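Participant: These are the residues of each chain, in order.
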Amino acid sequence: MLWFDLADPIWNEFDKMQKEIEELFDLTAPLSNIRSVARGSFPLINIGETPENVIVYILAPGIDPSKIDLTIEKNLLTIGVERDTTKDIGDNVSIDGYHRRERISGKFKRIISLPETIDPNNVKAEYKNGIIIVTIGKKEEEKSKKIKVAIE
Amino acid sequence: MADKRKEIAKREDSNIAKETAKKVRTLVPPVDIYEDNEKIVLLADMPGVSKDGLDIQIEKNVLSINGKIENIVPEDAKPIYVEFGGNEYARSFTIGPEVDVNRIQANLNAGVLKLILPKAEEVKPKKIEVKVA
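Taken in sequence, the protein lines are chains A and B.
Quick note, our numbering runs 16 ahead of the 1-based positions in the first sequence.
Quick note, our numbering runs 73 ahead of the 1-based positions in the second sequence.
Looking at chain A on its own, in the form it has when it is part of the complex (with noise of 0.2 angstroms):
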């Protein structure tokens, strides 16, 4: 054999803990969703699923609402932000001012994959403490229904 057989558990620990550095330390190109973005931008955004419907929430904080703009089509769901944090400090705002600026100001779009289970007809959207919640249905027939295995 020319290499430790990699099955051997304890070869695999090491693997696993090699691996494990390395993405601990970004050491490797990670797998990831063609359209993530790096960490720190603007709008993040998290994605979870219950029995009955997609829910998207956005975090965009201190968004004029009429700023927001959200389009569906298909699976695909958009997410148009604008926001200029200067105008949060007041009117007459000289750059000079500023001590440290941190907040993120701009125009920004983000488009998202949803699982092809959505209905797109079937969308509600409500902006609450700075985060856009986007609840999208299922189609009917893509709802998981619980079935009943008989054990003979």
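Since the hints were derived computationally from the structure, they do not count as laboratory data.
Bear in mind that the values here come from a model prediction, so they are computed numbers and not experimental data.
One thing to keep in mind: the hints can contain errors.
[As the list claims (entries may be wrong)] Beta-carbon label-pair distances, calculated as ranges:
#, chain 1, residue 1, chain 2, residue 2, range
1, A, Lys-35, B, Pro-152, 17 to 25 angstroms
2, A, Arg-117, B, Ile-131, 34 to 42 angstroms
3, A, Lys-155, B, Asp-173, 25 to 33 angstroms
4, B, Asp-173, A, Thr-133, 53 to 61 angstroms
Glycine included, every Cβ here is placed at the ideal spot set by N, Cα and C.
Assemble chain B onto chain A, guided by the hints.
Facilitator: Frame of chain A; chain B shown alone:
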């Protein structure tokens, strides 16, 4: 005796389990800090925090901002794509004596905290004498 010890060990185990279940993940909110002649303005992005979950304290010269994120995710929801996580925000700053702590104003709107820290009417200039030996 041995039984008692076992019992204590068990209780400690269950406490540890409880603590890990309620693990707190603290996020550092991004801030803008702006200063003009009258005031310092602090803006912090704290999406998910409502008025009830917000706690602002000043102790001596330390301003602490703490916000608990309201749980908005239904219990039967499973994550399918995740870019953020955490259950509270916390950040602290030291402030100088020129800030009039009794007139600090706080306002929370759409997940953005705005703190206005006015400067005291009379900020007495302090003269430093340099002695030449």
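Participant: Would you mind marking each hint as holding or not holding in the structure?
Facilitator: Here's how the hints hold up against the structure:
1. Lys-35(A) with Pro-152(B): 17 to 25 angstroms: 22 angstroms, holds
2. Arg-117(A) with Ile-131(B): 34 to 42 angstroms: 24 angstroms, violated
3. Lys-155(A) with Asp-173(B): 25 to 33 angstroms: Because 59 angstroms falls outside the window, the suggested range is violated.
4. Asp-173(B) with Thr-133(A): 53 to 61 angstroms: 57 angstroms, holds
The structure shown violates the earlier hints numbered 2, 3.
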